[in-house]
Amino acid sequence: MHSYIWLIPALPAAAFVLISVFCLRSKRAEKAAPAIIISTLSVSLVLSIIALHGVSTGRALGEEWRVSWLSVRLASPPLLVDFGTLLDPLSAIMLVVVCAVSLAVQIYSTGYMRGDPGFARYFAFMSLFSCAMLGLVASNNLLLTYVFWELVGLCSYLLIGFWYRKPEAANAAKKAFIVTRFGDVGFLLAILALSKSAGTFNFRELEGVIASGGLKPFFIGQSAFVTVVSLLIFSGAAGKSAQFPLHIWLPDAMEGPTPVSALIHAATMVAAGVYLVARTYFFFEASPVALTVIALIGVFTAFLAASIAAAQDDIKRILAYSTISQLGYMMLGLGVGGVAVGIFHLTTHAWFKALLFLMAGSAIHAVHTNSIWEMGGLWRGMKVTAAVGLIGLLALAGLPPLSGFYSKEGILHAAATSHVLVDTVGPSGKTAVFALALAVVFLTAYYMSRLWFVAFLGKARATRGEARESPAVMTVPMIVLAVLSICAGWAGPWFMRLMRAAESHEPGPAWLPTVSVLLALAGLGVGWLRFSPARAPKERPTGGALYTFLQNHWYIDYAYHWAAWKILLGLAAVSAWVDRHIVDGMVNGVGWLAGRFAAGLRRTETGQLQFYALIIVLGALIAGVVLTGLRSAGGLLP
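Just so we're aligned, residue 1 is where the sequence shown starts under my numbering, counting upward by one.
These are computed hints drawn from the structure, not numbers from a lab.
Model, not experiment: these values are computed from the prediction.
Each hint should be verified, as a subset may be incorrect.
Unchecked claim - Under the rule of at most 30 Å between Cα atoms (straight-line distance), these lysine-lysine pairs were calculated in the BS3-like manner: (1) K174 / K459; (2) K27 / K166; (3) K383 / K459.
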């Protein structure tokens, strides 16, 4: 079975080549671009499902296909670099999720992007994006993962800035590319450190080296070295998965087409960081400090983004901050509960977040505005979009029996019973983490109810006429995702068995599910009391100091802007002055002295024979005087 896994990312790569060669040059041929990527992704999805079935039945568990392509002999240890695929429960699940969400988005895009001047170019970029993410998931070693990791970053740059003639889109693409580079530097440093200390990049071999204590650290002890490498890997994950303080690029990424946002936020780029931590979890298991850092950053990111989402007006930005918040939840799950807990929430989140972004795209497509305050009353003309959006809302809020409830409860249960937090930050720190996680439940339900009530209920505001439902090519993928958002959580027991994860033997608080559901209902209730048709303000509220603080993203973006302009550019100005006046001054000074000396020497070249004779005579007299003086000064000369 492992022999064809490489086809899963190779098929979208072939689609990228075909679209680039044949569809970009002809208006007639560009209409075939969606068919090419949809057909290849369909085959990839079928292969992924077959692989998942093989893994779930034990027939393909842990299969690996490797081809060695480079051998670098170092003094100690020797380093072998290979490339290949690894098929295990984690990669099998992710392959299905990425293929399914990508396929739904591509089908949806055929209606959303119709008439766009860059129609074929869009599908070419999306094909390459799907290939990059699938290659990242299927990779069997850290170096090949890094190659696809950077390809994902390149594709996100191309897609976020797809409408590059808009300054906002071009700036957002550059911001995403630059900010994620900060995290990627740490990831690269981890790879370089392991090339010297482990002698392999293969995931299975690295896991064996860590388990046997065979790592050969340098400068510091083994435990500290593992912690440093773990945190460096996490820095890359924090950049891609938009964790604090590298979260600032993701809201601006909304400048790309809405289907791009759905793909980036549901199952590709932002999920790559969570997947990387899960894939290299053997490092983090060996370092309680690293696990604690993941949990703390995760829960703070979840709370930070959820609070900001509660005061945004752009429907896509609300969902963007929602994604950041849920990614923080996933990181919290990895930090306190393990791979199965975090990846289960990633899986359920992929369905309902893709659904919510496609819902937003349908609304924007109908009324040509992103502001929820310029929508209103969309329920009347867009009942399918409104209904599936409501399902996505309830799943994200974590209400039973929808999928988000089960994965959210797993994370809350792990946070309530975590021994890692008790051992590292103490009982009070664990309580604070758990309290923030519960607060996010309330905030999530509140900002999503605010979005849905304002946009879909009440009286139409700035929309012209009655909004019409999107075509079937856009609504059918949303309906499929809505079904998955309802029932995906029911597969929780099977998911845990597949991931070989036993449920915690320590029971969580009996009141936990009840309290979390009540908090979600309270968030929905507050949203109804504030934004129901009878109470919703007719215009965008200005709010008080807290509302302004949240609407301005805790002023974090302003702090980055100030640091960039005042500190970095200030240091650049000082460096430029030193370069011009000191470095260039020294170089120019040497040139000036050489010029002055040459000018003086040039005066001696007169071309007059009598002048040269005079110089010779004067030189002989001076030499004679000097020699006489040296002979009389203590017999220095014989």
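Can the restraint linking K174 and K459 be considered satisfied, given a maximum Cα separation of 30 Å? At roughly 39 Å apart (the allowed maximum being 30 Å), K459 and K174 break the hint.
Next pair to validate is K27 with K166; report whether the Cα-Cα distance is within 30 Å. Distance of about 23 Å is within 30 Å: holds.
Has the given pair, K383 with K459, been kept, meaning a C-alpha gap of at most 30 Å? holds (15 Å)
Consistency with the previously given hints fails for number 1 only.
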